[in-house]
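Asks: Can you make the complete structure from the sequences, with help from the hints?
For the sequence shown, my numbering begins at 114 and goes up steadily by one.
No lab work stands behind these hints: they were computed from the structure.
Owing to the predicted nature of the structure, the values given are computational and were not obtained by experimental measurement.
Dumping the calculated DSSO-like pairs for lysine-lysine here, alpha-carbon to alpha-carbon at most 27 Å:
{"#": "1", "residue 1": "458", "residue 2": "470"}
{"#": "2", "residue 1": "148", "residue 2": "283"}
{"#": "3", "residue 1": "130", "residue 2": "148"}
Label pairs and their in silico Cβ distance ranges:
{"#": "4", "residue 1": "225", "residue 2": "297", "range": "30 to 36 Å"}
{"#": "5", "residue 1": "478", "residue 2": "379", "range": "25 to 31 Å"}
{"#": "6", "residue 1": "217", "residue 2": "309", "range": "37 to 43 Å"}
{"#": "7", "residue 1": "501", "residue 2": "602", "range": "31 to 37 Å"}
{"#": "8", "residue 1": "571", "residue 2": "602", "range": "17 to 23 Å"}
{"#": "9", "residue 1": "600", "residue 2": "335", "range": "51 to 57 Å"}
{"#": "10", "residue 1": "501", "residue 2": "285", "range": "54 to 60 Å"}
{"#": "11", "residue 1": "309", "residue 2": "163", "range": "28 to 34 Å"}
All C-beta atoms in this analysis are idealised placements derived from N, C-alpha and C, irrespective of residue type, glycine included.
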Amino acid sequence: ASRPPMPSTPTPRYTGKALLGRLVWPDRSPVSGAKCDGWVRLAARHWHVHTETDRDGRFRLELPGDLVTAPGRHLWLVNKVADDRPWSTAEHAMALDYPDALTEIGDIVVAEQPLLVAGVVVGPTGGSVAGTRVHALPDKLDVEDYANPFWSEVMRGETDAAGRFRIHGKGRACPYRIVARRPGAYQEEIPRVQPGTRGVILTLSAGGTVRGSVLLAEGFEPGQLLVRGSGEPVLGHLGLGPILLALDRPRGKTDPLDARLDAQGRFDLSGLRPGRLRVALHLSGHGEPLAVVRGVEVEAGRVTEDPRLQQIDLRQLRTLHLRLRDADGAALRPMYVGVRQAGEKTWKEVYVQGDGKLELTVVGAAADLRVAQAGYRAQVFDQVSRDGELQVRAGIPFQVRVALDDLAGLTGCRHLLRFERDASPKEDGLEPQSERHTVMGDAPLQFHAPSAGRYRVVLHLTTANAIGGMVVPLALDTETVVSVFEGIQEQFVVRPKAGESRRAHGILQALSRAGR
Numbered sequence: 114a115s116r117p118p119m120p121s122t123p124t125p126r127y128t129g130k131a132l133l134g135r136l137v138w139p140d141r142s143p144v145s146g147a148k149c150d151g152w153v154r155l156a157a158r159h160w161h162v163h164t165e166t167d168r169d170g171r172f173r174l175e176l177p178g179d180l181v182t183a184p185g186r187h188l189w190l191v192n193k194v195a196d197d198r199p200w201s202t203a204e205h206a207m208a209l210d211y212p213d214a215l216t217e218i219g220d221i222v223v224a225e226q227p228l229l230v231a232g233v234v235v236g237p238t239g240g241s242v243a244g245t246r247v248h249a250l251p252d253k254l255d256v257e258d259y260a261n262p263f264w265s266e267v268m269r270g271e272t273d274a275a276g277r278f279r280i281h282g283k284g285r286a287c288p289y290r291i292v293a294r295r296p297g298a299y300q301e302e303i304p305r306v307q308p309g310t311r312g313v314i315l316t317l318s319a320g321g322t323v324r325g326s327v328l329l330a331e332g333f334e335p336g337q338l339l340v341r342g343s344g345e346p347v348l349g350h351l352g353l354g355p356i357l358l359a360l361d362r363p364r365g366k367t368d369p370l371d372a373r374l375d376a377q378g379r380f381d382l383s384g385l386r387p388g389r390l391r392v393a394l395h396l397s398g399h400g401e402p403l404a405v406v407r408g409v410e411v412e413a414g415r416v417t418e419d420p421r422l423q424q425i426d427l428r429q430l431r432t433l434h435l436r437l438r439d440a441d442g443a444a445l446r447p448m449y450v451g452v453r454q455a456g457e458k459t460w461k462e463v464y465v466q467g468d469g470k471l472e473l474t475v476v477g478a479a480a481d482l483r484v485a486q487a488g489y490r491a492q493v494f495d496q497v498s499r500d501g502e503l504q505v506r507a508g509i510p511f512q513v514r515v516a517l518d519d520l521a522g523l524t525g526c527r528h529l530l531r532f533e534r535d536a537s538p539k540e541d542g543l544e545p546q547s548e549r550h551t552v553m554g555d556a557p558l559q560f561h562a563p564s565a566g567r568y569r570v571v572l573h574l575t576t577a578n579a580i581g582g583m584v585v586p587l588a589l590d591t592e593t594v595v596s597v598f599e600g601i602q603e604q605f606v607v608r609p610k611a612g613e614s615r616r617a618h619g620i621l622q623a624l625s626r627a628g629r
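Replies: See the structure below:
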């Protein structure tokens, strides 16, 4: 299921304070007319900032309000300078205890980056290929590095009229994979080179094309449907950002290649590596596929028109507009529910919005809907076929109280309780979401289990307030397994692990001294 993306950085608040300074090259000449995308960093948090320089290299950098009031030293990282020189970076340490609205910080030297890799991109006959995007990826890079645009260490370049490329950047001390991307073509081999390597030759070949068409129901526009190809052939078609992770995926698990329908309902998937392809049709690119065709053969430089991809029939497609409410008439909180289309055996996840609204795409007359989330009773609505409201019952109630016996007298802390199924594999393809509570004191908390059974209650003790944007853990997680029965409301007690008192007190005292 396609879940809503999480924000990668906090939203800054500005208080009117700003830094004034000048960007200069190592020879002290001004970095004039530059657009600087940078980040201000404090510990684990970072804020995106943007500024521009005038012809003398001077800039004005607005400070986020959260940083002005936070203790400690900060670092401004200029990670992109638009100039006629290679990609450049600059670092400037800031105390940020500035008393004035405008503070002059002087010159910041922008360093030119060393050469990472240089080479040429050629076609299958050996001729140069101009206008090709080239990416350099560290051989060892975590998934999170791709998800965050600031920490991403993917270096980029483009070939000139002679097919040559140069990528500058201070990379890691590890081999780099060099990937060329051009519409309609795929790269035969992906070399691994050491930083500073010159003379790399990247060979592109004409990729295969898969062609098909779709018959849509009335009321649906071709632009609403997304055709998604995945599998080994997609390895040759690399986009930006997370799609570059295709190089690290096992066979058959590479990132997808997408295409849209034209006005006549036709589509082309091009630039494919020879092999076998899985083609799936999605509504607006989200959720589970409406139709899937597997094992489509792809040949280099040729167009494949598999009969199974011609006039795929989706004329029975329709959308139900539902609203989910509890027994009191209140809308359900944002959550995932299960949907099972007619004739299918497995449940697939769809997202319910914060106002309880659910747009359910149905292929056929009706579909089954299942709720199995923490806080609500597990129940199935069979053969939902019309717009309207559905009432979801509350789950089986039970209480949990946190006993801080081992942490008596401890102040400035809070505890987080997480409630989830005990050692639960996905049931019918659905994963019940955990229920979380953050509280102060020892008042009992009310939970609702979707059904009778064994559940885990996890206690996590932290500081009450964020220190410099961070929540500091005070104790190790404590897990307690409870058994919930129908018709019986019990109260369970969880305690921090023994021996955590001294450690927690020491952390709070250290934070108190740092705050002063």
